[in-house]
Structure formats: C-alpha cells, structure tokens
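Asks: Residue numbers (our numbering), protein chains in the order written: chain A, 1 to 85; chain B, 86 to 226.
None of these hints come from the bench; they were simulated from the model. All of these numbers come straight from a predicted model, not from anything done at the bench.
For each label pair, taking beta carbons as the anchor points, the in silico distance ranges come out as:
(1) W56/A with E156/B: 23 to 29 Å
(2) L104/B with V5/A: 16 to 22 Å
(3) A78/A with F172/B: 38 to 44 Å
(4) R30/A with E174/B: 43 to 49 Å
(5) A72/A with V101/B: 33 to 39 Å
(6) T28/A with H95/B: 55 to 61 Å
What the simulated footprint calls covered on chain B by chain A, stretch by stretch (three residues with Cβ under 8 Å from a Cβ of chain A suffice, anywhere in the stretch; the number is not a length):
(7) 106-113
(8) 117-131
(9) 150-157
(10) 184-193
Virtual Cβ for every residue (Gly too), placed ideally from N, Cα, C.
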Amino acid sequence: MITTVSRDASLIVVAAGLIVAAVAVARTRRAPLALALLLDFFTAAALIRLAAPPSWPALGAAALTIAIRQLAGHALTAARGARHR
Amino acid sequence: MSLADGFGEHNLEDVVSVLVRVVEAAGAAIIFVGAVIAFVRFLLLAFRREGMDPFAQLRLNLGRFLVLGLEFQLAADILRTAVAPNFTELAQLATVAAIRTALNFFLGIEIKEETELVRADKAAAAATVPGAAPGTTAKPP
Chain A
1 MITTVSRDAS LIVVAAGLIV AAVAVARTRR APLALALLLD FFTAAALIRL
51 AAPPSWPALG AAALTIAIRQ LAGHALTAAR GARHR
Chain B
86 MSLADGFGEH NLEDVVSVLV RVVEAAGAAI IFVGAVIAFV RFLLLAFRRE
136 GMDPFAQLRL NLGRFLVLGL EFQLAADILR TAVAPNFTEL AQLATVAAIR
186 TALNFFLGIE IKEETELVRA DKAAAAATVP GAAPGTTAKP P
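Pulled out of the complex, with its shape left as it was, chain B reads as follows (with noise of 0.2 Å):
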C-alpha cells in the first residue's frame, strides 16, 4: 500500500473537513457565549447603576469576545482553502474570509478607540468629582 493510498485526498478532505467543522463551531460557540455575558451582565448593570460608564466597558468586553470569535472563524477559512473543491465554493469562501478580515481590523481599531474614551469618560468624572480619584483631579496652580 503507498502511501498516496493511505492518506488519499478524499481522507485528507474529510480530516480538513471535520476540524473546520469544529473550529467553526468554536468561532461561533465564542461569539454566542459572548453575547450572553453581556446579556446578562447589561441586565444586572442597568437595575443597580446609573452612568454610562458601565456600558461602555461591556461594550468593550463584548468586542473582545466577537474578535476571539473571528479568530477562530478565519482560522477555519484558512484551513478550508486547503479542501475547497469549486469555483463557487472558494469565491464565498473568498467573500467569507474578506468580511471576516475587514471586520476583524475594524473591531481592533473600535476596541482602541472605545478603550481611550472610557478613559477619558473616567478621567472627566474624576476631575469634577474631587478627591474620588487620587491623581486625576486637577492640580491646584
């Protein structure tokens, strides 16, 4: 038996297959579980504070979430070109991968971004409330 026989390219496709299958699946298991942290926690959040604080940092925790999940997702499109057998196939996966991709570099500038203006939201409160947050407030001259 040579070895083209034992690892013959239909074994290979259904191998490939079967783990983009379960990477996929744990890309979209990632998101989903992501947004029911922040399901949950958003509820809990809006019946005890007021603020906008709060929000904004689920925000941001549900971003990191949807990056971890593309992650996953584009590490399944990348193992998927290795068995995609057709024309069709490979453009949505093309397609797939370039929504991915642009999505992926967006969310990473938005989470930056978010993160900068919590920031700045926190040091803007701080600044108007005095003493609540040593070494934010302003200076006396």
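Bound-form chain A, shown alone (with noise of 0.2 Å):
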C-alpha cells in the first residue's frame, strides 16, 4: 500500500513539476530558471518514491536522478554567481 500511495505521490509531483517548468518559460522567458524548478520538483517526487520499500532497480533510478539534479543545479548555481562577479 505504501508503495502504490508513495508512487502516485511522486507521479503527482512530476506533473507539478512539468508545469511549473512550462508555466515558468512561458511567463518569464528563463529557461534555466524553468529548469531548475523542474529539478527542484522531480528530486521531490524521487524522494517520496525512495519512501517505499527499497528495490535495486529504484534505488539506482533515485540515486541517478539525484546525481544528474546535482549536476545541473550546480552548474545553474555557478552561472547565476559569475553574473554578479
């Protein structure tokens, strides 16, 4: 039970997530603002799938969507810093 209700969970925030990053682009033209929300939400939602019972297979999703979030963020986080450089 937990699993079904932690996955539906994690699919509702992937979808506020893709609408926020297509209302984020369509209201203020920033695509790497739009993309770092959309990382913010999809972090979430593997947080909450990480909440169920554990298996490879999701651990390894987890683990790479978290890696690749890191990844972008850090890199948005160092372009926004060098503009006020």
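Build the complex from these two chains, which are given one at a time in their own frames, with help from the hints.
Replies: Quick look at the structure:
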C-alpha cells in the first residue's frame, strides 16, 4: 500500500514540476530558471518514491535522478554566481 | 515469564517496523506537502508578478521542506538498522542512507548559496532603483 501511495504521490509531484516548468518558461522566458524548478520537483518526487520499500532498480533510478539534478543545479548556480562577479 | 519472552526479538521487530513506517511516511508527507505548497505559490506568483526574486525564494522554501523531509527519512533509516534482518536489506538500507545523507549535505550547501544569491539579487535591484530600499543604495562620494 505504501508503494502505491508513494508512487502516486511522486507522479503527482512530477506532473506539478512539468506544469511549473512550462509556466515558468512561458512567463519569464528564462529556461535555466524553469530547469532549476523542474529539477527541484523531480528531486522531491525521487525522495517520495524512495519512501517505499526499495528495490535495486528503484534505488538506481533515484540515485541517477539526484546525481543529474546535482550536476545541473551546480552548473546553474555557478552561471548565476558568475553574473554577480 | 522472563524479560526475554515479554520483549522478544519478534515483538521488537514489529514495534520498530511500525515506527519506521510512521517516521518514513511523515518524511514523505512533508516533502509532498512542500511540493504542493511550492506548486500553488508558484502559480499565484506567476500570474501576479514578474521577475526572478519570488521564484528564487520559492525554490528556497521547497529546498527547506526537502531537507526537513530528508531528516525524517534519515531518522527512519537509523531506526531500520535496529531490525535489518539480512545482508540484501542492509545493503539497500546503506544505499538509501548514503543517497539521503549526500543529498541532505548538498541541499544544505545549495540553500546557503541560494540565500546569498537572493540577497545579492535584492541588493542589485535596490541599487538600480534609487530610494527603493534605504541603506542598500550606493552612497554619494
């Protein structure tokens, strides 16, 4: 039951992230901002999915999502930081 | 009846596994609620204001919810080490704990950096609009 609930909740968060990213691009025309928001929501979804009893494929997927998110997030933060220097 | 009968290993396992589920679910619920709040606030902000600052603030808030949820989930991992029965489960637990600890660490750094950038953005915006924020504008020579 926890597996079903956590999978559904993570899907809702993924959908929310996609909507947020689409609206952010449409409203601000800033793709990096939209990407950062999307990655935040995907991280939240990966963490919710990890709450279910884990299996190796699920763990691998969560680890990959979070690793990609960290890499992209650092690149975006570095780009923003460079603007202020 | 001895103490070992009353608090046998199986009873302990049952109690701890219920606790683990409760704490784990609390962590997941916090993260889910944080995402929902961020989603609603984002939609409200997107159709009201322009600019970057409110969205950066929103990401900060979501990040804080993630960190709080992660703390709960790490607590559940620690509880689970008390009853992990076989090597496979222990290995999976170690992997989950490693992912969560690393993410918690990086999110902490990110929140710190983001807070500084939000502050820098605000200072830059105040400097370009004279009189917008007293004390943050450049002083005349």
